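Novice: Listed in order, the protein sequences are those of chains A and B. Residue numbers for the first sequence follow the working numbering, beginning at 1 and rising by one. Residue numbers for the second sequence follow the working numbering, beginning at 1 and rising by one.
Hints listed in this document are in silico derivations from the structure and should not be mistaken for laboratory results. There may be inaccurate statements among the hints.
Sample of chain A residues at the chain B side, in silico, Cβ under 8 Å [what the hints assert, rightly or not]:
#, residue
1, A14
2, G19
3, T30
4, R33
5, N45
6, V61
7, E63
8, F73
9, H75
10, K76
11, D103
12, A123
13, R164
14, I165
15, V168
16, D175
In the SDA-like style, the derived pairs of lysine to any residue whose C-alpha atoms are separated by at most 20 Å in a straight line are [unchecked claim]:
#, chain 1, residue 1, chain 2, residue 2
17, A, K3, B, D132
18, B, K150, A, P4
19, A, K3, B, F159
Being a predicted model, the structure only gives us computed values, none of them experimental. Using N, Cα and C, we set each Cβ at its ideal position, and we do this for glycine too.
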Amino acid sequence: MNKPSLREIQQAFASSIFGDGGAASNLLETHERRFNVYRASVLENYRQALSSIFPVTSRLVGEQFFSQAATQFAHKNESTSGDLNQYGDAFPSFLEAYRPARDLVYLPDVARLEWLWHETFHATDPQPLDLETLATVNPADYGRLILDLQAGYRSLHTPYPVDRIWQVNQPQHADPELVHLDSEPRWLVIYRFDFEVRIASVSPGMHSLTEALAEKRQLSDATDDALAAEPELDVGTAVQWLTGEQIISGFTLADASPSGNTADNTGNSGEKHPE
Amino acid sequence: MKPISQPATGIGWRAPHYRELLRSRPALDFLEVHSENFFASGGQTLDFLERAQRLYPISLHGVGLSLGSADPLDDAHMNKLRSLIARTQPIFVSEHLCWGSITGRHLNELLPLPYTEEALDNICVRIDEVQDRLGRTILLENVSSYVRFKHSTIAEPEFIAQICQRTGCDLLLDVNNVYVNSVNHEFDPVAFIDSLPTEACKEIHLAGYDPHEEDDTCLIDTHGRHVQSPVWDLFRHTVKRLGPRPTLIEWDVAIPELPVLLNEAALAANILSDEQAVAA
């Protein structure tokens with residue numbers, strides 16, 4: 001290469017980190033062994049970033065297995081940020097297709113839960129709902145409430161008890177415990193209570209309610225969804241729980257437009273909903 | 001912003017010591033953190049930093065801006081750094097004389113530059129842009145390296161001096177990196193230090209290196225152990241030449257108990273005050 005540009009040098013260096021090193025060796029006057037220091041450290045940085053975001057996944061498969069998976073992942077998935085905390089969102093889907101892990105059917109969802117935990121941990125702090133202002137809303141208008149969820153709210157629907165798996169693999173969890181995989185599928189919500197990340201397994205109705213609220217739909221519509229999924233759900237109690245857990249962090253009132261059929265909804269617990 | 005006292009010593013503050021340091025509040029003149037560790041929009045980690053900021057002057061040390069890349073600056077990264085600066089009112093904002101990404105792909109490592117006129121022009125333009133956008137002078141740290149590019153035409157101290165002169169940026173002199181490179185690339189570390197721009201140097205870094213397991217001509221800048229004695233010697237020489245500068249202990253791998261770090265900082269403080277006494 002005759003007087004390569006800075007861009008050419010950097011591109012050759014980068015591709016040699018992941019390839020056979022041939023391109024970079026034309027540029028360097030030092031031994032290949034020296035270049036390998038970078039090869040090792042780049043992969044080690046990715047591996048460490050993944051293992052700090054996915055500690056339970058790593059614990060479940062063991063350090064060596066995890067290390068190999070992380071290395072494979074790093075070869076296929078470019079880091080696109082100078083901040084390694086952003087690296088790894090595609091790791092759960094990678095595990096789904098990773099043949100050595102195919103018998104561990106629950107593993108991708110454990111990893112999904114860990115990624116969501118990571119996002120929630122770093123999310124904007126939840127603001128408690130201003131109950132005084134809420135008290136000024138006429139109960140006849142409750143159906144038109146649009147309840148804002150905290151920035152850290154995430155949800156996961158999984159056929160496996162990954163919340164239990166996550167729990168029993170926390171460092172502070174005392175005794176090993178058997179988790180049965182044949183328990184019911186579950187809806188998990190992941191959220192922040194002050195600085196603490198909480199994971200709750202919720203009923204189908206509660207899940208429909210929070211998902212509708214997350215989509216910024218007004219309370220009457222969210223209530224319809226929730227009761228369709230779970231007719232016996234007490235929506236009033238559900239909203240109270242969401243408020244107490246800081247998941248609901250604010251509200252606005254939707255316009256009382258003629259198209260939104262809110263005029264007939266005078267309650268806050270969906271009593272009028274047909275059975 | 002809490003002002004820094006002179007001569008000052010601090011430590012790189014890492015996750016294993018977040019809680020303990022806030023609890024025990026050891027006597028330190030400043031703390032330095034990796035900027036990217038606090039890029040989140042909320043959460044406990046950021047709260048730790050805001051609490052620390054009430055106790056100590058804070059220095060923000062970036063590892064991911066990729067200043068020497070041929071790529072344009074990353075806007076998202078710059079915006080996060082800007083809001084972190086607004087939030088923490090740091091005494092220093094520093095980055096590295098290196099590159100870490102190309103064509104949008106990040107290697108998340110401090111990679112050495114070829115010392116060419118093109119690389120020099122490129123990094124100067126980008127440092128100008130960073131300083132404009134942040135509205136402040138940044139410090140640039142010399143990095144350790146294991147390879148040399150065939151196409152380099154400028155000696156490293158000259159490259160650094162040119163950057164400082166052209167952009168007005170300051171220098172964060174990592175004495176351990178100078179020593180590591182002097183072994184890896186066979187030059188005289190004292191002559192290297194002596195040829196740096198004295199006035200521009202605003203901070204010093206110290207850390208531990210390890211020998212390369214299969215190559216006895218190579219040291220690795222691991223930040224994984226005590227500052228080694230040749231580095232203490234070079235530090236003493238540096239302080240003699242430059243006068244005392246705020247000095248930081250970095251330890252990033254196999255991080256020991258907090259008192260071990262504090263003891264390293266105390267050793268640095270002794271050297272700083274010895275040299276100050278001699279000068280007085």
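Novice: State for each hint whether it applies.
Specialist: Going through the hints against the structure:
no. : hint            : verdict
1   : A14             : holds (5 Å)
2   : G19             : violated (13 Å)
3   : T30             : holds (4 Å)
4   : R33             : holds (5 Å)
5   : N45             : holds (5 Å)
6   : V61             : violated (23 Å)
7   : E63             : violated (16 Å)
8   : F73             : violated (14 Å)
9   : H75             : violated (12 Å)
10  : K76             : violated (12 Å)
11  : D103            : violated (32 Å)
12  : A123            : holds (6 Å)
13  : R164            : violated (24 Å)
14  : I165            : violated (24 Å)
15  : V168            : violated (23 Å)
16  : D175            : violated (26 Å)
17  : K3(A) / D132(B) : violated (32 Å)
18  : K150(B) / P4(A) : holds (10 Å)
19  : K3(A) / F159(B) : holds (19 Å)
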